[in-house]
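S.K.: Working from the sequences, and respecting the hints, build out all of it.
Chains A, B and C, in that order, are what the protein sequence lines are.
Residue numbers in the first sequence follow my numbering, run continuously in steps of one, and reach 1437 at the last position.
Residue numbers in the second sequence follow my numbering, run continuously in steps of one, and reach 513 at the last position.
Residue numbers in the third sequence follow my numbering, run continuously in steps of one, and reach 464 at the last position.
Don't read these hints as lab results, they were simulated from the structure.
We put the CB at the ideal spot given by N, CA and C, even for glycine.
Honestly, I wouldn't trust all of these hints.
Said to hold, decoys possible - If you want the footprint, here are the derived chain C segments under chain A, 3+ residues with CB under 8 Å: (1) 261–270; (2) 273–284; (3) 310–318; (4) 323–333; (5) 432–438.
To be verified - Incomplete in silico selection of chain A near chain C, CB under 10 Å: (6) M1385; (7) H1390; (8) G1395; (9) L1406; (10) E1412; (11) A1415; (12) L1420; (13) R1421; (14) T1427; (15) G1434; (16) W1435; (17) L1436.
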Amino acid sequence: MSDFLHMGGYGYYVWSAYGGALLAVVAEIVAVRWRLRAARDATSTLIAVGWLK
Amino acid sequence: MKRLPAIVPILATPPGARDFAAWAGIGWALQRDLGLALRSRAELAVHLSFYVIVVSLFPLAATPDRGLLAAMAPAVLWVAALLASLLSLPRLFAVDLLDGTLEQIALSPYPLAALVSGKIAAHWLTTGLPVVLLAPLLALQYELDSEAITVLSAGLLLGTPILSLLGAIGAALTLGVRGAGSLLALLILPLYVPVLIFGAGAVDAFRVGLGAAANLSLLGAGLLVAVVGAPFAAAAAVRIALD
Amino acid sequence: MRDSTLRTKSHNVNWFRYSSPASFYPLAGALAPWFAVPAILLALAGLYIGFVLAPTDAQQGEAYRIIFVHVPAAWMSLLIYLAMAFWSALALGFNTRLSAMMAQALAPTGALMTLVALWTGALWGKPTWGTYWAWDARMTSELILLFLYLGVIALRQAIDAPRRADRACALLTLVGAINVPIIYFSVQWWNTLHQGASVSVTSAPRMAALMLSGMLVMALAAWCYSIAVALVRVRSIILERENAAAGSAQLDGMATRGAL
Chain A
1385 MSDFLHMGGY GYYVWSAYGG ALLAVVAEIV AVRWRLRAAR DATSTLIAVG
1435 WLK
Chain B
271 MKRLPAIVPI LATPPGARDF AAWAGIGWAL QRDLGLALRS RAELAVHLSF
321 YVIVVSLFPL AATPDRGLLA AMAPAVLWVA ALLASLLSLP RLFAVDLLDG
371 TLEQIALSPY PLAALVSGKI AAHWLTTGLP VVLLAPLLAL QYELDSEAIT
421 VLSAGLLLGT PILSLLGAIG AALTLGVRGA GSLLALLILP LYVPVLIFGA
471 GAVDAFRVGL GAAANLSLLG AGLLVAVVGA PFAAAAAVRI ALD
Chain C
205 MRDSTLRTKS HNVNWFRYSS PASFYPLAGA LAPWFAVPAI LLALAGLYIG
255 FVLAPTDAQQ GEAYRIIFVH VPAAWMSLLI YLAMAFWSAL ALGFNTRLSA
305 MMAQALAPTG ALMTLVALWT GALWGKPTWG TYWAWDARMT SELILLFLYL
355 GVIALRQAID APRRADRACA LLTLVGAINV PIIYFSVQWW NTLHQGASVS
405 VTSAPRMAAL MLSGMLVMAL AAWCYSIAVA LVRVRSIILE RENAAAGSAQ
455 LDGMATRGAL
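M.R.: Next up, the structure:
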């Protein structure tokens, strides 16, 4: 396991790379789902108020 | 009424009428824009002064070491030309948009691409050509030798029209938009990169002994492609902005 | 209103029905999980191949394993731009709203892929070539591609009218797409001229079969992921436009009635 983390001495580079990529992916997924939820909420509000459909 | 794609009006004019109207349109727009630009000579002088100031800044930021200056001369003179072009591009369409002339131009029987070409030609004559003429003098500030200066000027002569042509597309896309100036820079500078590489690269290649022919030929080819393609793209962008 | 139908097996599917945003909305919602789940599974499989099965590289040691995220991200950054150009061409040619919305949905994901490619590329460069940024042709072109993505996104934000923004961004994307090969060629030219002065950059290590398959599986995972994210994002775009249109219609109505 520690060999795996050590990555032949390159652990810092490999895990920073993958860590950054993972962070980007997670951030995008969270942002996209938040955006959809906000849009859905706005739509329900507009329907409730009677401005839409 | 379904909107037709922007290409259809260009294709729908009969060829004979299109050719005649195209040249007349180019001439008309060129004449008009030149007249307008020369009436506000102060603005042109300001843009040129910007170029001179930017070029003078780099030695101040570095050391006035002769070798270093000569080495960075093509880069500085070219980048400054790019930035000076960005400064003057918004003027290409924005003024006409404000007083309603642009809509009139778009409705006229002349092909819009021809009118846009005329405007771009006027823009180059008033902003690009002065840079081409001034660069050799400024290159002396950088201790660039005369043969290298010739190569630099040739590159700028071929490249500055490309800057005007590509810049017109950006200017039309950002017409009337918030923060148009900085947005224009973001949109156009990546497209300028090949011009910069081949223009400055011509001087570097010449100094290394490889000869500038390849770089200059590529610039020339780029100019031909831009002359043929950019006016249509810019015209399409103007129509998008006006609708 | 088009009425053509395509018979597939026992269903009559009217494909053109889905070209209206309102009908595409539920379809996108149904499709997204079909790409999201494979994305996760393929990523796990690819990482397993990359970290457990693939051997250590002779020259680069364990550092080469970064390629399993770097290369797929770079491939996707280019592929997404091509997809954006495709949708932009459709949007300009046929004046369809949904094509423009798909292009709009793809841009942020493309920009993110480019960022990941640049980030992982820099971290791969440091141990292998001694520098985080070597100004080699591919990385420099990737950087310019990032600027192209940011430009399209910035133009979209700057223009208020959605249809004008659609067409302007579509034109910009197409102009950028034509320029990408020219930019790459010029950067490569520039790089070979200055090769002597800069660090000499070798390409990816000689591919053992397992390394290549790991990369391909991760690339497939990235492809599925991008489609899933784009489908979810286009759903929010559809709703946002619908909301904005309803809001402005209501306000227009109130203004004409003198209620404002």
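S.K.: Name the hints, by number, that the structure is in violation of.
M.R.: 6
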